[in-house]
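Given two chains presented individually in distinct reference frames, assemble the corresponding complex, making use of the accompanying hints.
Residue numbers (my numbering), protein chains in the order written: chain A, 1 to 760; chain B, 761 to 925.
It should be emphasised that the hints constitute simulated quantities derived from the structure, not laboratory data.
These numbers were taken from a predicted model, which means no experiment stands behind them.
Accuracy of the hints is not assured; some may be wrong.
Claimed, not checked - Chain A stretches covered by chain B per the calculated footprint, using a threshold of three residues with CB under 8 Å from any CB of chain B:
| hint | region |
| --- | --- |
| 1 | 185-192 |
| 2 | 475-487 |
| 3 | 643-652 |
| 4 | 658-666 |
| 5 | 675-684 |
| 6 | 688-694 |
We put the beta carbon where it would ideally sit given N, CA and C, even for glycine.
Read off the chains here:
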Amino acid sequence: MTKTKWVGTDVTRIDAKDKVCGTLEYMSDLSFPNMIYGAVLRSKYPHALIKKIDTKRAKELDGVVTVLTHEDVPGLNGFGIAIPDQPVLCRDKVRYMGDAIALVGAESKEIAEQALELIEVEYEPLPIVDDPEEAMLDTSPLVHETGNIHNHVKIERGDVEAAFNEAYVVVENTYFTPRQMHAFLEPESGVATIDDDKNITIWCGGQHPYRDQLQVARALGMNPRKIRIINTPAGGAFGGKDEITVQIYLALLVLHTDRPAKIVLSREESVIAGMKRHPMKIYMKTAAAADGTILANEVRVVSDTGAYASLGGPVIGFAIEHSCGAYRVENVRLEGFCVYTNNGVAGAFRGFGANQVTFAVETQVDMIAEKLGMDRLEIRKKNGLRKGDIAALGHKMEASVGLLRTLEAAENSRLWQLREELKAKPGAPHKKRGIGIACSFQGCGLGKGLPDYGAATIELLPNGQFAVGVSCPEIGQGNTTAFVQIAADYIRCSIDDIVMLSGDTGHTLDSGTSTASRSVYTGGNALKLAAGNLHSAISTLAAEILSVPESDIDIEYGSAVSKSCPEKTVSFKKIAELMVERGKTIKGEGYFIWPVSETELEGYVGIPHLLYSYITQIALVEVNTLTGETEVLEAVSVPDPGKAINPQGVEGQSEGGVVMGMGYALTEDTIIEEGITLTRNFSTYILPTSLDMPCEIETIIAEELEPSGPFGAKGIGEAVCVPISPAITNAIHDACGVWMKQIPATPERVYTALKSKEVP
Amino acid sequence: MKKVKAEQKKLISFTVNGDDVKVEISADTRLIDVLRNKLNLTGTKEGCGIGECGACTVLMDGKPVNSCLVPAFQVEGSVIETVEGLDKSGELHPLQEAFVEHTAIQCGYCTPGMLMSALALLRENPKPTREEIARAISGNLCRCTGYHQIIAAIEDASAKIRLSE
Numbered sequence: 001m002t003k004t005k006w007v008g009t010d011v012t013r014i015d016a017k018d019k020v021c022g023t024l025e026y027m028s029d030l031s032f033p034n035m036i037y038g039a040v041l042r043s044k045y046p047h048a049l050i051k052k053i054d055t056k057r058a059k060e061l062d063g064v065v066t067v068l069t070h071e072d073v074p075g076l077n078g079f080g081i082a083i084p085d086q087p088v089l090c091r092d093k094v095r096y097m098g099d100a101i102a103l104v105g106a107e108s109k110e111i112a113e114q115a116l117e118l119i120e121v122e123y124e125p126l127p128i129v130d131d132p133e134e135a136m137l138d139t140s141p142l143v144h145e146t147g148n149i150h151n152h153v154k155i156e157r158g159d160v161e162a163a164f165n166e167a168y169v170v171v172e173n174t175y176f177t178p179r180q181m182h183a184f185l186e187p188e189s190g191v192a193t194i195d196d197d198k199n200i201t202i203w204c205g206g207q208h209p210y211r212d213q214l215q216v217a218r219a220l221g222m223n224p225r226k227i228r229i230i231n232t233p234a235g236g237a238f239g240g241k242d243e244i245t246v247q248i249y250l251a252l253l254v255l256h257t258d259r260p261a262k263i264v265l266s267r268e269e270s271v272i273a274g275m276k277r278h279p280m281k282i283y284m285k286t287a288a289a290a291d292g293t294i295l296a297n298e299v300r301v302v303s304d305t306g307a308y309a310s311l312g313g314p315v316i317g318f319a320i321e322h323s324c325g326a327y328r329v330e331n332v333r334l335e336g337f338c339v340y341t342n343n344g345v346a347g348a349f350r351g352f353g354a355n356q357v358t359f360a361v362e363t364q365v366d367m368i369a370e371k372l373g374m375d376r377l378e379i380r381k382k383n384g385l386r387k388g389d390i391a392a393l394g395h396k397m398e399a400s401v402g403l404l405r406t407l408e409a410a411e412n413s414r415l416w417q418l419r420e421e422l423k424a425k426p427g428a429p430h431k432k433r434g435i436g437i438a439c440s441f442q443g444c445g446l447g448k449g450l451p452d453y454g455a456a457t458i459e460l461l462p463n464g465q466f467a468v469g470v471s472c473p474e475i476g477q478g479n480t481t482a483f484v485q486i487a488a489d490y491i492r493c494s495i496d497d498i499v500m501l502s503g504d505t506g507h508t509l510d511s512g513t514s515t516a517s518r519s520v521y522t523g524g525n526a527l528k529l530a531a532g533n534l535h536s537a538i539s540t541l542a543a544e545i546l547s548v549p550e551s552d553i554d555i556e557y558g559s560a561v562s563k564s565c566p567e568k569t570v571s572f573k574k575i576a577e578l579m580v581e582r583g584k585t586i587k588g589e590g591y592f593i594w595p596v597s598e599t600e601l602e603g604y605v606g607i608p609h610l611l612y613s614y615i616t617q618i619a620l621v622e623v624n625t626l627t628g629e630t631e632v633l634e635a636v637s638v639p640d641p642g643k644a645i646n647p648q649g650v651e652g653q654s655e656g657g658v659v660m661g662m663g664y665a666l667t668e669d670t671i672i673e674e675g676i677t678l679t680r681n682f683s684t685y686i687l688p689t690s691l692d693m694p695c696e697i698e699t700i701i702a703e704e705l706e707p708s709g710p711f712g713a714k715g716i717g718e719a720v721c722v723p724i725s726p727a728i729t730n731a732i733h734d735a736c737g738v739w740m741k742q743i744p745a746t747p748e749r750v751y752t753a754l755k756s757k758e759v760p
Numbered sequence: 761m762k763k764v765k766a767e768q769k770k771l772i773s774f775t776v777n778g779d780d781v782k783v784e785i786s787a788d789t790r791l792i793d794v795l796r797n798k799l800n801l802t803g804t805k806e807g808c809g810i811g812e813c814g815a816c817t818v819l820m821d822g823k824p825v826n827s828c829l830v831p832a833f834q835v836e837g838s839v840i841e842t843v844e845g846l847d848k849s850g851e852l853h854p855l856q857e858a859f860v861e862h863t864a865i866q867c868g869y870c871t872p873g874m875l876m877s878a879l880a881l882l883r884e885n886p887k888p889t890r891e892e893i894a895r896a897i898s899g900n901l902c903r904c905t906g907y908h909q910i911i912a913a914i915e916d917a918s919a920k921i922r923l924s925e
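Same shape as in the complex, but just chain B (with noise of 0.2 Å):
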């Protein structure tokens, strides 16, 4: 039988919507591979491969990046977050149920990633104009919506954030 080439694995470690995470990698598995494959994250989702559709955008140490275009080994000890952590109270994140509330979904496939540059730009930027929230998810591509809603959402969840606090 012939061998497929031999591969090194190395151990990495890192956060993962603050849980603590030991993950096997090859030196060419992704970012995008770890949380889908190997930790079940399947709320990230892939659109293009090549950091295009921005389908597939995480926070890492709190900056949006394309998780397909990560390599894992460089994920070691950094800070991850996923969709699946903006309700890890229970409760949905602001950024959530304005989305809900604006409809601003359709087939829902650019949602997780366009709800993680979202939340990046509200931590950084609390009352972004219309603008400046279209600049910050103008690398996540949506086909159905149209982006209005999804910028309406973000506006009404900036919003509610600063008056919550």
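Here chain A stands alone, though its shape is the one from the complex (with noise of 0.2 Å):
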């Protein structure tokens, strides 16, 4: 690999300084004059026809600019990642609580809720759906009128009923995971502005401008080039900001009006209408033999995308592709239900499918080694992925595959080798410690038969700094930090001399998403393409300069070299006055498509990966056993991110996702009852604070360089916070004898199975 100056270290964030100061402009810091405000109204019933939309009253109101209905969408009435079933402003028919049916804009947020008030919709009720397995029937309402089911996913391999004859243990069991939901601590909000030409600018905290821009377009009907998104920087999002919220509301507002507006969301109307992770019921069948060879798996999941699509589509596909866990399993029947409901929508959110059925596969794992009498980290050694297996969809693990390395980091950890002692001391009588031990892995990128790329720029600037502009946003990851780091490596100059650009459709090309493990690997390939290019460029110029021929130019860190006069340099500062003077301009651009699977799935997109990040996390928790509660004491956690580009990130992300994923085993979960959601705000949606979070949490990154990425790097953004979840569950039963096949394992939850297990 190539000596890096800035990858590999801990560099200070680049937006640090302002989030400290509180100088970072998050979109609802930012006002125009003459701003409008926005509000939307939401639906009154889960399910319903719309008989009757009066928008008078309200637009009497005095300072109300404007009442618009889906009478005002110019273009599609509606957006969608995959498929655009959810309607901007629906005209008919709503399908959930969060549905929208109008929009106001007024001289004050105040006056825009109270307009809301004053706005006439006459309903007729329509039967609700809310059992995804009832909305698969004949019988059940539509929720739409293409059926109910929105995906089905059925892949076969082997011979799954001769492996469960011939295998030694068999274990069978359904699991139950929850609507987790993203939680982002900055709500769904923007500004927009129309200039007198009716160019559209939109600040909206997104994970992908130019499908922002595609999709405000789309529905306004305009030329996209006259819409600009600016989605950088996001107070969170955790993929629940990958899908449209509130871009199109905006962009309906200035349109309408000529004036600039603003929209944010309460949270309780974030919650109502706002993405959740998928709710799956996962049936799981799982064969081994004796020495502990995982020889079948049978897998069925359902899995509840709400009102509309967004990516629920893909979400089930992933989820099947991972169902198997990171192991070898060579006869799998898999099938896969992404069915609609009037319970809220699911989208997009970290880990994409995986959270489900790692919780699954890594439960029936642990229960085949118990069975076996076998140890638990062993079998996931056993049956673990290497480099030139074929994985569960028959697909080869071409890339770099850190597995092994993580497990056996796993097992070096101080937590895993002092297991029994730390287990033998409870805090009192009637608490019970376990260790509990999960693995997975997570595929990065969109996968097989999707559209996946990466565009990055550098140019050098007058003063001899450089811009760098890579449009897939910061949405708290610290993306950006890596993005410089990797940059000044490949153009070769300090970190202090470049001045990032993200996430803005005005001054960045099309890198695509903040998503699916993916930014770092696509943005800093698109880099390293453009700092060739940018370096030809140098060079042309250097050459001259220098009066030697441009063959002959190298690139130090900071200045261009004669390679056979050494003595013979300019500095990057020198070139760009001359470039200057010279009334040229020096700039390279990279654009880059990632490799894909050689496997083919015929039918299906966005599976398999070529490319899969690993992790291996530990959990020790103490269980109450006289109210059910556990406690998360200490935590393992053991990514293969490929290259760290930045470890201190990487060890915040990990800590960050080891808490999400507590939360999601022990806590989480937006309830809602006949379409009604309960808990709409952080009073009844349970979220870790820092009273809940393991004392420790050790981070060991096992890296395990991937060729084909930026100094070696793949993505990590996910993986962190799927397998603690199982990990903890898995220690619950390790403290106390209980299978938790329900999560969050919340006391009730705990108590309910411990006494259920005493009854003979």
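See below:
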């Protein structure tokens, strides 16, 4: 690997100072003169026909500037990443409580909210469907005319029945996972402006500015070039800002009023209208030989995508791809359904379907180990994927595979080594301690069959600095700092000489999403190509200045040097001066297309992946047998991110992921009953606080360098929150002998499980 | 035209980050609205509006409060400190420095409130244990970091402040 000056070091986040000073402007912090405030009228019913919408009284309210309905959507009245099945403003039907019916623009937020109450909507309530399995029946009310099954995935390999017959041990269970909420602290919000030529600029935290641009343009029936989207910065996203949130509403307001507009969702509105993680019911039957070899896995997943598709289709595909864990399994029968209901909407969320199935399969593996009297780590090492292996979908693991490295590092961790000692000392006689371990893999990138590309620009500025542009937004994960490090090492300059441009269709080329653990790999590779082109342009001018042939030019940190005559050098700063003098520009663009797996699964897109990140996590828990409460005392997290561009940043991802996965395992669930969201704010949706997190989280970075990655990097943003959840539930079993088949493992569920175990 | 309900306005005076200010408010104006909308101090963030997330934490007469829960009329005559006051001397406060050094920041939306809770703690308890730090920031939700780097930063800042005194 190339020697680096910045990559692999703990460079300070480029946005840290502005963030600690409170001077970084998030989108809701922006204001413009003459700005109006928008508010959205949401549905009163989870499923109903709209008979009439009357906005007259609202329009008459003093201070109301505009009231818009479906009639005011000039283009396609729909949005959605995969298919645009969600109306911008509903015309004849609502399918969940978050459905938007009207949009008010007013002189103040208060007036806008008051106007919402004056809009009269006549509904005809319809029977609701809130159970995804019922939704699959012919007798179910239809959420969409096209049928309630949005996507069906079915993949079979080998001979499952024969394997089950031959097996020494078979475990068969049904698991349930919750509707986790992203709970980014910044609710969906933004501002927009319009100029005299009807060019629209939208500032809204998001995860793919160019797709936002496309979706807004489509709804407005406008040329996308007339719409500029700025997605950076976002106050957290985690997949929940991948889909359109308020961008189209902002665009409609400015288009119809010629005034700047602002929309900030309240937390309650965000909870009701916004994305969630797909709740899944997972049936799993797993067979193993006496030596622990996993022989077969049969999986049936029903995923509740709620009222609209968003990325529900790809999520079920991803879940199926990951449903056999990071293991070699030769005989599989895997089936997944993504189903419409009237339960909110679900879409992309950190882990993208891996979280649910990993909880199931990692519990299955522990059950098999227990039945065989086998060590839990050994069974994982025995079956774990290695480079060259064939994974569950029949695809070859062609890229770097770091699973074993993570398992071995986890085995050597303090927590695993001292586990018996640590378990032996619970805090009280009625408390029991246990250790759990789990591992997983996480497909990076969008997968086979989906366009997955990146682009980057580097331009020498007149002062000798470099403007570096990658559009993948900064959503808090720290990718802009990683890009600065990568760019500085490819350009060979100081990180202080880089001006980073991010998440803006006006100043960066389309580099795709900040999702799918893809942005560092994509942006980094595009930067590598851009730096090569930049170096050619620099070399041309340097050769002229130094009076040597261009082929004689070498680029060192900060300057161009003659290879044959090393005393001949010219600094980037000097080159920049001459560039200005001669009226030239020096820049490089790089375009990168993702490599994909050779395996094609006919009829499916987004699976399989070529590149995966790997991870093993361990949890030490203490269960209060009187109350059923579980405390996670310590955790170990061993990610394989490929090269860690910024180790401190990877640690931050790892720790944050552990706590997010802990919330998923123990407390978090958006409860929706008969289409009505009950947990509408943080008083009832329980996020882990500083008092709940493990006292110790040890992160051990197990780098398995990926040859195709920038300096060997892959992606790690998602994997870090995945196996910790089953590590915790496996630890609960280790502590007190109960298998948790439904998460969150609330005190009530653990207590009930303990009590039913006592019954002979 | 239908009129919106008539609003009674009131002028209040208080101190923000050492400056005397006078602001016109209505009965339902909250402290966070005054800070963000009237004084343009947008460092203070709103995350939930019901005092659960702590993103809007500021100090009122030295005590951390959720500014989304404080009616503005209660602020009359009080001393308010926000994140913008931390580096007023032109130099970063040791807490800010420590947050930067420890990468105790990801998306940064909870950071201002987190810093203010930490400031209140260190003034009252210059040498807090990790447990005491965790307790002091337990009203400030962070969805990104998992809190460890934040606690380490506050611990580090407390040591640096003690050394410099």
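Against the structure, the hints:
1. Only when three residues or more bring their CB closer than 8 Å to a CB of chain B does the claim for the region 185-192 of chain A stand; here the count is 3, and the claim holds.
2. Check result for the region 475-487 of chain A against chain B: holds, 4 residues qualifying (beta carbon to beta carbon below 8 Å, three or more required).
3. A stretch counts as covered by a chain when three or more of its residues have a beta carbon under 8 Å from one of that chain; for the region 643-652 of chain A and chain B the count is 4, and the coverage holds.
4. Against chain B, the region 658-666 of chain A contributes 3 residues with a C-beta closer than 8 Å to a partner C-beta. That satisfies the three-residue criterion, and the hint holds.
5. Closer than 8 Å: that is the beta-carbon criterion, and the region 675-684 of chain A has 3 residues meeting it against chain B, so the requirement of 3 holds.
6. Here the region 688-694 of chain A counts 4 residues with a CB under 8 Å from a CB of chain B, which clears the bar of 3, and the coverage holds.
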